[in-house]
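These protein sequence lines are chains U and G, in that order. Residues in the first sequence are numbered consecutively from 50, following this note's numbering. Residues in the second sequence are numbered consecutively from 1115, following this note's numbering.
Do not rely on the hints blindly, as some may be mistaken.
[As the list claims (entries may be wrong)] Cut-off 30 Å, straight-line C-alpha distance, at most; resulting in silico cross-link-like pairs (BS3-like, lysine-lysine):
1. Lys337/U <-> Lys1202/G
2. Lys337/U <-> Lys132/U
3. Lys132/U <-> Lys1326/G
4. Lys1279/G <-> Lys132/U
5. Lys1390/G <-> Lys1279/G
6. Lys283/U <-> Lys132/U
7. Lys1202/G <-> Lys283/U
FYI, nobody ran anything at the bench for these hints, they're computed from the structure. Predicted, not measured: the structure shown is a model, and the values here were computed from it.
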Amino acid sequence: MEYILHIIITLNIYVTLVLAANLPVGLANLLSICQAAFYGIGAYFSAYILMHWNLPFIVVAGVVMILTGLSSLIVSFASIRLKGDYFVLASLAFQMIVFTILYNWINITRGPYGISGIPGIKLFGKVSMSGIFDYFVLTTIVSSIVILLFDHLKKSPFGRILTAIRSDELEVSSLGRNPAEHKNYAFFISAAFSGLAGLLYASYISYIDPTSFTLDESIFILTALFIGGIGNIKGPVFGALFVVILPEILRFVGLPEMIAANLRQIIYGLVLVIIMYYRPQGIMGELKIGN
Amino acid sequence: MILQFLINGIITGILYSLSAIGFALVYNTTRVFHIAAAALYVVAAYIFLAFHDFGLPFYISGIIAIVTTAGLSILTELMVYRPLYRRKASLNVAMIASIGIMTIIINAIALIFGNETKILNKGNQQALTFDGIIITNPQILQAGIGIISLIFFFIFLRFSNFGLKIRALSNDTTLFEISGFNVQTTRLIAYMLSGVFLAVGSCLTFYDIGIKPQAGMPVLINAMVAMIIGGIGRFRSCIVGGLMLGILQALVVFQFSANWQNVITFLVLVLFLFFKPQGVFGYKKRMV
């Protein structure tokens, strides 16, 4: 039972992450490979806040989301100035710089040793979250809210403007909307919710270290997004489901742990290549990957 | 003391130039963001390792590694990029497919050879000393073979028919096609050469420091940075960029510590992207 709950918690965290990535990458076609950097920034901010102050969940979540969102302004600034491959490189640079800082600024982040003993989330006042079941309930509620919110965002004028930016940025500005402003919002929201996922992760696992927030993790999130599909809600949710459930299926097939880890990566890679050839919008997606 | 760091930097720079040329051969000609190069890079070193351990001499195993990597590079073009190109898929699709290829190859390597670091060069390293400056034997090898292959590449690029075609393709694909040349064949040659240069760079680098399956990505990223700061569109800029990056990183190690090498590298990249996206001497053009 705990095993299934653990998988569902992981799934909820990844649903949040992949949906957050869908906003800039899927809707606005800004291929940012720094989603794990936001995730990591959120996790480290939450670790710091949870360990130093005794605040209820809503406050912690709000503060972490705002702080992580502010950190995204650097990336959205780059997305306004740079196009195509240049933006990909700039987001790569952001990812690498954040990782290096997390890894090497030992006084603050404890570097490769990681931060251990992160206290659980307190819901209201003294009621503390403990045990796997509480986290199951909390993450499920959070991810459901995130799903509803992103569904609304996608249908709102804001989401439609982002989709318009992907087709023709000049057209958007000629119709009196400001593409730069909307890119800023998209990255802010995306980073904020990645940060929220970081908060859930940090308090659930109660230990974080920089190796959870590497470039590989960013690529993993994007893999989930592109396999599932971009542009709508069921695509990213399906992608997260795919990447979280597949390892568990392989576990039941009875492969040794060493082989299974590499084999599932190979499967992700193969699926990605095949999808790019036959269905560039992903299994469930509705927007094709643009230029 | 600073001279020692400079020499180390220049030798690292030569290795970066080799990988940057490997990446740029694909990027300049086809505009595909060839992330799978990171995997090809690792493949070369592992094949070299396998044959070297098998008892074949250094140069023979090197040549086998180069040929296999070039073959694998051609295979990626034939099996993935060319079908996508024929479907007129966007370059982002090709790039994501490239991420897929990289994941497949790196994990296949890890399955076969294991995830741990392998050392290619066993035993003590001989070194030469001039006035307190130490140059190890692998470093002499790196500098020597590196410079020779770079010279060969530029002779090839300047004087051969294929070289002219590659330069023409990287200049303007449409015009190239209109003039009646075969884009597909030239793309294949570009991919093959890219494999060759990645393999040379890889064998030389990992002969010195040992190899693990995930080691390709950091080197590839450095190669991309070298290509950008040198300037996109020209091949000689890869060498300038590689040397600049190598020396810069050596100076960072000299002044601060190796830990902050990445931060400085990427800050330089971002500065170039914002203020001089055409690089030191790339063509001036719009950033699209």
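Hints and how they fare:
no.: 1; hint: Lys337/U <-> Lys1202/G; result: holds (13 Å)
no.: 2; hint: Lys337/U <-> Lys132/U; result: holds (18 Å)
no.: 3; hint: Lys132/U <-> Lys1326/G; result: violated (34 Å)
no.: 4; hint: Lys1279/G <-> Lys132/U; result: holds (28 Å)
no.: 5; hint: Lys1390/G <-> Lys1279/G; result: holds (28 Å)
no.: 6; hint: Lys283/U <-> Lys132/U; result: holds (28 Å)
no.: 7; hint: Lys1202/G <-> Lys283/U; result: holds (27 Å)
Violated hint for the displayed structure: number 3, the only one.
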